[in-house]
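Novice: If you use numbering that gives the first Met the number 0, the sequence shown corresponds to residues 0 to 171, in order.
A few of these clues could be false.
Said to hold, decoys possible - Capping the alpha-carbon separation at 20 angstroms, the derived lysine to aspartate or glutamate pairs in DMTMM-like fashion look like this: (1) K121 to E167; (2) K93 to D52; (3) K1 to D70; (4) K22 to E8; (5) K93 to D59; (6) K54 to E149; (7) K54 to E8; (8) K144 to D52; (9) K127 to E149; (10) K1 to D52; (11) K1 to E82; (12) K93 to D35; (13) K22 to E82; (14) K127 to D156; (15) K22 to D70; (16) K24 to E92; (17) K22 to D52; (18) K1 to D23; (19) K24 to D36; (20) K54 to E68.
Stated by the list, open to error - Taking CB as the label site, the calculated pair distances span: (21) D156 to A104: 42 to 52 angstroms; (22) T134 to A162: 15 to 25 angstroms; (23) E8 to K80: 15 to 25 angstroms; (24) V6 to Q66: 21 to 31 angstroms.
It should be emphasised that the hints constitute simulated quantities derived from the structure, not laboratory data. Note that beta-carbon positions come from the ideal geometry of N, C-alpha and C, so glycine has one too.
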Amino acid sequence: MKISLTVQETLIWHDYPHLFVAKDKIGGLQLCIAIDDTPQYISVALSVNRLQDLKLSKIDLYSVFAQPELDAWFRVNLTDKNEILAQAMPSTEKIPTEWLPMPNAFLPYSNPLRPETFDVVKVSAVAKEAGMNPTLLRQYLSGIKHPSREQALRVQDALHRVAQRLLEVQFV
Numbered sequence: 000m001k002i003s004l005t006v007q008e009t010l011i012w013h014d015y016p017h018l019f020v021a022k023d024k025i026g027g028l029q030l031c032i033a034i035d036d037t038p039q040y041i042s043v044a045l046s047v048n049r050l051q052d053l054k055l056s057k058i059d060l061y062s063v064f065a066q067p068e069l070d071a072w073f074r075v076n077l078t079d080k081n082e083i084l085a086q087a088m089p090s091t092e093k094i095p096t097e098w099l100p101m102p103n104a105f106l107p108y109s110n111p112l113r114p115e116t117f118d119v120v121k122v123s124a125v126a127k128e129a130g131m132n133p134t135l136l137r138q139y140l141s142g143i144k145h146p147s148r149e150q151a152l153r154v155q156d157a158l159h160r161v162a163q164r165l166l167e168v169q170f171v
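Given the sequences, and given the hints that come with them, work out the whole structure.
Specialist: Right, dumping it as structure tokens:
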């Protein structure tokens, strides 16, 4: 069975994508990784929660590929028409060990709360909207502290509410 994929986010890029997230036609996510520093890929399906855990360094790349959530993996081919096709591999066939990422290899940390997000909005206003201490939000922004997934979502929701109010402003 072949599945058509669309790139959603490139996580690691060196001359070409080494690690990226792709989505199938019904919204399922695949994490695709280059094999042996070549533009040939394998992928595994993963949930939004597991992707978030990977991005927050709660799990390593090895765990995602060595223990996929669904007991399946795919070979990924890029076609001449810039399509991405994932071919399911037989369930009896495991990912070759030499294709797996090294254990304890984590994604480079990327703070989900970037300071430039707040250039046009006061940090204290977002903190108030989120119902949190402004000093704590500033510590998240500076990298002194790292927000939990729940805290990051809380700030995100507050930003979305502020943005929604801004979108509703009309001058005519």
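Novice: So the hint says 21 to 31 angstroms: do the beta-carbon atoms of V6 and Q66 match that?
Specialist: holds, 24 angstroms
Novice: Take a quick look at whether K121 and E167 sit within 20 angstroms of each other, Cα to Cα.
Specialist: holds, 19 angstroms
Novice: K22 and D52: Cα distance at most 20 angstroms?
Specialist: holds, 18 angstroms
Novice: Does K22 pair with E82 here, judged by a C-alpha cut-off of 20 angstroms?
Specialist: holds, 12 angstroms
Novice: For K1 and D70, compute the direct alpha-carbon distance and say whether it is at most 20 angstroms.
Specialist: The given pair, whose Cα atoms are some 17 angstroms apart, holds under the 20 angstroms limit.
Novice: Decide if the proposed pair is consistent with the structure: K127 and E149, CA atoms, cutoff 20 angstroms inclusive.
Specialist: holds, 16 angstroms
Novice: Could you grab the alpha-carbon distance between K144 and D52 and see if it respects the 20 angstroms cut-off?
Specialist: It holds: about 17 angstroms lies between the C-alpha atoms, which stays within 20 angstroms.
Novice: Is the straight-line distance between the alpha-carbon of K22 and that of E8 20 angstroms or less?
Specialist: holds, 10 angstroms
Novice: Please check whether T134 and A162 have a Cβ separation lying inside 15 to 25 angstroms.
Specialist: Holds, at about 23 angstroms.
Novice: Look at the Cβ atoms of D156 and A104 and judge whether their distance stays inside 42 to 52 angstroms.
Specialist: violated, 31 angstroms
Novice: Holds or violated: K54 with E68, Cα cutoff 20 angstroms?
Specialist: Cα-Cα ~16 angstroms, so holds.
Novice: Are the Cα positions of K24 and D36 separated by 20 angstroms at most?
Specialist: violated, 28 angstroms
Figure legend: structure checked against the earlier numbered hints; hints not met, in rising order: 2, 10, 16, 19, 21.
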